[in-house]
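First to last, the protein sequences are chains A and B.
When you line the first sequence up against the numbering used here, it's residues 22 to 410, in that order.
When you line the second sequence up against the numbering used here, it's residues 22 to 410, in that order.
If you're looking for bench data, these hints aren't it; they were derived computationally from the structure.
Under the rule of at most 30 Å between Cα atoms (straight-line distance), these lysine-lysine pairs were calculated in the BS3-like manner:
1. A:387 to A:146
2. A:387 to A:343
3. B:253 to A:343
4. A:182 to A:382
5. B:182 to B:146
6. B:343 to A:253
Here's a subset of chain A near chain B, in silico, CB distances under 8 Å, partners left out:
7. 23
8. 32
9. 33
10. 34
11. 37
12. 245
13. 246
Note that this is a predicted model, so its numbers are computed, not measured.
For every residue, glycine included, the Cβ atom is placed at its ideal position computed from N, Cα and C.
Each chain is listed here by its residues.
Number of protein chains: 2
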Amino acid sequence: MDNFTYCAPTRYIFGRDTELETGRMTAQTGCSKVLIVSGGRSARQSGLLDRVMKSLDDVGIEYLELTGIRPNPTDDRVYEGIDLVRRNGVDGLLAIGGGSVIDTAKAIAGGALYDGDFWDFWAGKAVMQQALPIGVVLTIPAAGSEGSGNSVITKTDGMRKISLRTDYALRPKFAILNPELTFTLPPEQTAAGIADMMAHILERYFTPTSDVETTDRVSEGILMAIINEASKVMANPHDYQARANIMWAGTLAHNGVCGCGRREDWTSHGLEHELSALYGVTHGAGLAVVFPAWMTFMASHRPEKVAQLGRRVFGITGDDDKAVALKTVDSLRAFFGSIGLPLTLGQLGIPNPDYATLTRKFHENKGTPFGPYYPLQPIDTEAVYRLML
Amino acid sequence: MDNFTYCAPTRYIFGRDTELETGRMTAQTGCSKVLIVSGGRSARQSGLLDRVMKSLDDVGIEYLELTGIRPNPTDDRVYEGIDLVRRNGVDGLLAIGGGSVIDTAKAIAGGALYDGDFWDFWAGKAVMQQALPIGVVLTIPAAGSEGSGNSVITKTDGMRKISLRTDYALRPKFAILNPELTFTLPPEQTAAGIADMMAHILERYFTPTSDVETTDRVSEGILMAIINEASKVMANPHDYQARANIMWAGTLAHNGVCGCGRREDWTSHGLEHELSALYGVTHGAGLAVVFPAWMTFMASHRPEKVAQLGRRVFGITGDDDKAVALKTVDSLRAFFGSIGLPLTLGQLGIPNPDYATLTRKFHENKGTPFGPYYPLQPIDTEAVYRLML
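With the sequences and hints as input, model every part of the structure.
Right, here's the structure in full:
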């Protein structure tokens, strides 16, 4: 177990009708005029936006809107938001949506208080110390941004997608989590969200740090809960209880509790990142293809943690770590398949992957070798990509 | 799963030598003069107090001391502390010790900002909204007060021991957790602490609320980690990794994450409370006797959650919930026995318990019937006490 610091100060308001608390919670953060950031039409059509605005009206909080944030959010909308904030005396951000919307709101919140270009933080040229208060009404359980200090933004010029991690500055002040708001998510988005939250746990679970039993057990517990509830959610999208458990699991998966005391890996996110960049695949679906392939490679190179996952989460027995690890991959793939996720690059819509480019780009972005759990050389990386067939 | 709000904003600084950060962390809370609250001689003799004071000196923070806080801390020391704070312009509390020390510091922190008698909060006559900032250097992993908003104080007049739970006001601003500081705990104190933290999880685990899979799995995970690490700590008190896992588990056991989305029980704490009041037993040791007895009673009256605990945490198989529940009690008792905890009232030093008084006092304090998981009538309560033989 490594030394660590951990602080997750976000106030979670969880349950039915909790979006009606948005105004009261926003007032508690001390804001008087917020920029509402949202995505497509669904928040408006479902009436969610109206309910949130009414709750702001009720407490006398003014608001402006920045709408139409799309997946893989880009810097141009951030600049637009910062400009809106500055010209209108906005003193807080309110994100209504999923990860892309929240991450955009975070970037605006940090950028608005900074004299230079907000991208400096993402480019590593400056360290973010402060941001305007951020509130969240979550509609997609997946990215975990509602409880994290992270924000992933893509620079349009060059399409560089970079994740910024702050310890505290970008953690939302509050996050409103109403499972009912997720009833209407399409099945493929629900499934991709499940893969995404599982990946957030697994990236922390696969660690070179030993003796992290408490954090391991917490991580394994959340994974088991997700697997158990996923089939219910897929069978009945209006199952409130299953939706609730999935939603809360998605927040815990990424608010940092699964990383306490250990070095994290994040290799699979890096591998998926190149698939998204080159072929435009959905992040969660891509992860469902990447993780089992990476674990298959690890079965031959560093099987112990894969085997532990198999024994504890999937109930696989046996003494040989490699054999157990390979069965673990089978179990994980069977689970992903059961909720309709793609299992191969072909199913992901990439029949003829350009392995050389994927490998080159991965190491350009990550360095060589890369991989805290097991360092990948380019020859390894290409081998992992080839295991995705 | 019930609606809930959850906010655990304490900043945890975990690992070797972290007490050297005390000054820097205290300065970050904005304090300039703190009251150091501590217990017996060990913090001074071990040099811990000197290291903490030096780190305060290094950043120019002044301090006063309130020492000699004893187990089951009393209101007289709180009044003394409030007086010290007010007369000396103290603007923060620094607790160095375990639960009793932290709870005293919390009571002082809340009472100092209140015009009336601090006991009003514990007596339910006022709701605490604010407190001076509280920092913690933890030396005993058990009570979980370092991450909770709770404080248990005993009123000397009548010896009424009352637990106050605040949502936010009494949560420490920071908690420094160095597992090395726990190397020298006597075995019986280590074991009692382990029982205490397990009880904090079980009081939340036994709930009438259904469909709390995510919180259940997190709770089961932390319990498994504690059980797994406990034998290592008992065998080798200087096992840093095992101490670290136990310490972190003790914080998670009581910072609220195991209670999210459900009604909590706390019957066993109430039953133990009367044993402590009448016979002066150690809280954790008392819980090791109470919990298996209460679970034995539940095997006949509401076995399902006891059986789930047995299947998931102790690996017990079988279809009959009652039979599995009874085996679960055997497993829990075997575990407690293996780390040297008492298993009966006799072993606790109470050969002739006054069942009638224990039962009467329990219902005087808790009402009739009491028990969210299963409501106990006096006849049930006496039956549970008699199962402690």
